[in-house]
Amino acid sequence: EDKVVQSPLSLVVHEGDTVTLNCSYEVTNFRSLLWYKQEKKAPTFLFMLTSSGIEKKSGRLSSILDKKELFSILNITATQTGDSAVYLCAVWEYGNKLVFGAGTILRVKS
Amino acid sequence: GAVVSQHPSWVICKSGTSVKIECRSLDFQATTMFWYRQFPKQSLMLMATSNEGSKATYEQGVEKDKFLINHASLTLSTLTVTSAHPEDSSFYICSARRSSGASTDTQYFGPGTRLTVL
Chain V
1 EDKVVQSPLS
11 LVVHEGDTVT
21 LNCSYEVTNF
31 RSLLWYKQEK
41 KAPTFLFMLT
51 SSGIEKKSGR
61 LSSILDKKEL
71 FSILNITATQ
81 TGDSAVYLCA
91 VWEYGNKLVF
101 GAGTILRVKS
Chain E
1 GAVVSQHPSW
11 VICKSGTSVK
21 IECRSLDFQA
31 TTMFWYRQFP
41 KQSLMLMATS
51 NEGSKATYEQ
61 GVEKDKFLIN
71 HASLTLSTLT
81 VTSAHPEDSS
91 FYICSARRSS
101 GASTDTQYFG
111 PGTRLTVL
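Chains as they are written, first to last, in my numbering: chain V, 1 to 110; chain E, 1 to 118.
Calculated directly from the structure, the hints in this document are not laboratory data. Don't be surprised by glycine CBs; every beta carbon is placed ideally from N, CA and C. The hints are all genuine.
Straight-line Cα separation of at most 20 Å, PhoX-like style, residue types lysine-lysine; simulated pairs:
#  : chain 1 : residue 1 : chain 2 : residue 2
1  : E       : Lys41     : V       : Lys40
2  : E       : Lys20     : E       : Lys55
3  : V       : Lys97     : E       : Lys55
4  : V       : Lys97     : V       : Lys67
5  : V       : Lys37     : V       : Lys97
6  : E       : Lys66     : E       : Lys55
7  : V       : Lys109    : V       : Lys37
8  : E       : Lys64     : V       : Lys97
9  : V       : Lys109    : V       : Lys40
10 : V       : Lys37     : V       : Lys56
11 : V       : Lys68     : V       : Lys56
12 : V       : Lys57     : V       : Lys37
13 : V       : Lys37     : E       : Lys41
14 : E       : Lys64     : E       : Lys20
15 : V       : Lys41     : E       : Lys41
16 : E       : Lys20     : E       : Lys66
17 : V       : Lys68     : V       : Lys3
18 : E       : Lys41     : V       : Lys3
Derived CB-CB ranges, DEER-like:
#  : chain 1 : residue 1 : chain 2 : residue 2 : range
19 : V       : Ser51     : E       : Pro86     : 42 to 52 Å
20 : E       : Gly16     : V       : Leu70     : 45 to 55 Å
21 : E       : Phe39     : V       : Val12     : 17 to 27 Å
22 : E       : Lys41     : V       : Lys3      : 17 to 27 Å
23 : E       : Gly16     : V       : Asp2      : 32 to 42 Å
24 : E       : Pro40     : V       : Glu93     : 19 to 29 Å
25 : E       : Cys13     : V       : Lys40     : 14 to 24 Å
26 : E       : Phe39     : V       : Gly82     : 24 to 34 Å
27 : V       : Ser52     : E       : Thr116    : 39 to 49 Å
28 : E       : His7      : V       : Glu55     : 35 to 45 Å
Computed footprint of chain E on chain V, listed as stretches where at least three residues anywhere in the stretch have a Cβ under 8 Å from a Cβ of chain E:
#  : segment
29 : 33-44
30 : 100-109
Just chain V, same shape as in the assembly (with noise of 0.2 Å):
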């Protein structure tokens, strides 16, 4: 069965603090893996990974698929309490499904 597992289910940090959250996955058909956040509302969007070792940055927010390994990592740095959201992996298998994993809840302190 395919699974997409997220470490850790929930992380509290200060702000300024550098937080690094984990998702590993087991699909039959992989195409790409995506990152999303989520607040009150439905996901929005950060990353989508197809190649392994090719780190995607925007701001201050970074991600990096291992294909061979079969995990992504998500970095936050300078952590900001406007960054306290689930935050969800997803991994796209071919014929358009996309399989999420549970998230991983952050609560940034100030």
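Mind docking chain E on chain V? Use the hints.
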């Protein structure tokens, strides 16, 4: 941009009534749209995949007669929860895949619809 809208954003209905939720891709064409539901503190669960002009593909355990999906155009899909019951109360989210055919296509999510069945 890639904007997906949903309407309504929240709805409260009586048990036994039907509720229709609309999902629109505002600035792109989407041959494929997806419907998810999310219970509190849980992740998104795919309910069905909706392809324009054809029948939706439902995930295992999702009743197709209860959750009617129509994808009549390249920018609109609707989900109708028929004879809603309190256990159907949930957050329903649609997403749309931009159909450019590129390997970089991704799914963009609507803002979600909070359904409460009394």
